[in-house]
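Whenever a hint applies, use it, and build me the whole structure from the sequences.
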Amino acid sequence: MKKVVEASYLTADSAAHYRTILRYFYHQHERMRDFIAPEEILDYMRSIPAFSEYQEDQLHQQLGQLVKWNNLIARQDMTSAKTIEEYKKKRFRYQSTPYTIEIERMLVVLEKKVGDTFQGSLERSQFDRLLQALITLQTEIEKGLSKNAEEYMRIWEDVFRYFQTIRTSTADYIAYINSEQTDQRMQTEAFLVYKNQFTTYLRDFIVSLQKTSLQIGERLNELSLGKLDSFFQKLIEHRRSIPRLEDVSSSEQEWKTEYQEYWGSLRQWFLGSTSQQSELEVLQWQTNEMIRRMTRYVQRIGERQQHFRSRKNDYLHLAKWFANSPSLDDAHKISSVVFGSMTIQHLQLEEGTTDNLHSDTWEENPTILTLKPRTNRYREKTKPGSMTSNAEKKTRQREQYLEERRQERVLIDQYMTEGVIQLSALSKVEPFIRKVLLGWIGKSMASKDRKVKTDYGLVVKVTIDKENSILLESDDGTLKMPDALFEFEEQGGSMR
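As numbered in the working numbering, residues 7 to 502 make up the sequence shown, in order.
Hints may contain errors.
Straight-line distance between alpha carbons at most 30 Å, and here's what the computed DSS-like set of lysine-lysine pairs gives [said to hold, decoys possible]:
{"hint": "1", "residue 1": "K74", "residue 2": "K9"}
{"hint": "2", "residue 1": "K472", "residue 2": "K449"}
{"hint": "3", "residue 1": "K467", "residue 2": "K486"}
{"hint": "4", "residue 1": "K233", "residue 2": "K149"}
{"hint": "5", "residue 1": "K454", "residue 2": "K441"}
{"hint": "6", "residue 1": "K486", "residue 2": "K459"}
{"hint": "7", "residue 1": "K262", "residue 2": "K149"}
{"hint": "8", "residue 1": "K486", "residue 2": "K457"}
Beta-carbon label-pair distances, calculated as ranges [to be verified]:
{"hint": "9", "residue 1": "A325", "residue 2": "N382", "range": "33 to 43 Å"}
{"hint": "10", "residue 1": "E46", "residue 2": "S185", "range": "40 to 50 Å"}
{"hint": "11", "residue 1": "G223", "residue 2": "T360", "range": "41 to 51 Å"}
Derived by calculation from the structure, the hints in this document are not laboratory data. All C-beta atoms in this analysis are idealised placements derived from N, C-alpha and C, irrespective of residue type, glycine included.
In structure tokens:
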């Protein structure tokens, strides 16, 4: 989580000077020249027209700042000192640090990208190369790993170089297709020129991917971590053979863990896990989705073009048919086919008359429809009828309602003690009683005096104790709520 001070030169006030100096160090490092004298840097800076007035004191100051930021390493140059004064002056030569070289290498890659869009590609050959590398790896393990350890390191690097290319190229190309700029270009008519090229490219990629990915998955299933253990030991042996001044004995377990994690990421990408879908399946789905989206765009563009297309030639062709008709009866037949019936403006059919998809219209039974006048004054004829009295039915419903209220009142009286219901004192209540009590609590919240008039002619005063919580049990569950006190009053006096 520390700050990357090595990247400070990218956003400093004099970033133009710092970046030019370090880019020169990067180019010299690529030519295997590590230690650069300040005089050489000064000549290079002054050769650039924008820095023609660049001063030596400014160079030494900026070189010192780059040393503080860990971008450069200063080494005193004692080879050319001829006098004591020159030795005391501490002339330095400078070398760029590994951090700086990697930052500049990354910047060179970024500067080669075109605009703000992703690039990438769907390379079928990378999957074939990865498959061949895995076959080679499996073959060497089955033979007993008799070759030099350096050869096995090369095989390992080939596997993950192809894998890294697949990951980055496909991810960048998917992001390019899904970008807003590409989406807008697909909706223009100019996209029709590239439609076939895009769809062929994606279709060939899917076909090749489906053929190769199954073989890659089979190889990965066969190459378990147990079989790869001896191969990992060969890789560790190769890394140990490279001369290092540091103690590498403590790093061997870390190296093995690193190789196992790399292999696990490769298996995850192609095979997935029990809890996560593989990236290969996601790639196949996204590629198919791109083809479907392109097809939709092409269809919409075609519909727009068809909408604005002139029908002049079509009508002229139809006119020739009518002109060449041998008789008027034949012209009527052509008209009925082209324009339909002239006397009926609308045709209507009942939906769902049959479940047979291959049934023709004339094979179905005719449907008789009643045509109504299209006028606002039209009213359907009605016949006068007698009036039915529902007094007896209403009386029965009223008696049933009152009986239910009386039974509810009896249930509530069972929980009442001297005109009071204390929720904390109740052991268990019916769901209906719980609903009634909660309804009283809700209505009391809207009243200033916290009083509610019930359906039974009673007035209930509700007092809620928010500090104490209770568990109100019922047959259908337990409700955790604040304790409440219900005090009942008759209309005009207290029940207590």
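Hint check results:
About 14 Å separates the Cα atoms of K74 and K9, which keeps this hinted pair within 30 Å; it holds. The hinted pair formed by K472 and K449 meets the criterion: a straight-line CA distance of about 17 Å does not exceed 30 Å. Taking the CA atoms of K467 and K486, the gap is near 21 Å; set against the 30 Å cutoff, the hint holds. For the suggested pair K233 and K149, the alpha carbons sit about 12 Å apart, so the restraint of at most 30 Å is met.
Between K454 and K441 the CA atoms are separated by roughly 22 Å; this keeps the pair inside 30 Å, and the hint holds. With a C-alpha separation of about 26 Å, the suggested pairing of K486 with K459 holds against the 30 Å cut-off. A threshold of 30 Å between alpha carbons decides the hint, and for K262 with K149 the separation of about 22 Å falls inside it, so the pair holds. For a cut-off of 30 Å, the pair hint linking K486 to K457 stands: about 23 Å separates their Cα positions.
Roughly 41 Å separates the CB atoms of A325 and N382, a value that falls within the hinted 33 to 43 Å. Look at E46 against S185: about 44 Å separates their beta carbons, and that is inside 40 to 50 Å. Checked against the hint of 41 to 51 Å, the pair G223 and T360 passes, with Cβ atoms roughly 48 Å apart.
The earlier numbered hints are all upheld by this structure, with none contradicted.
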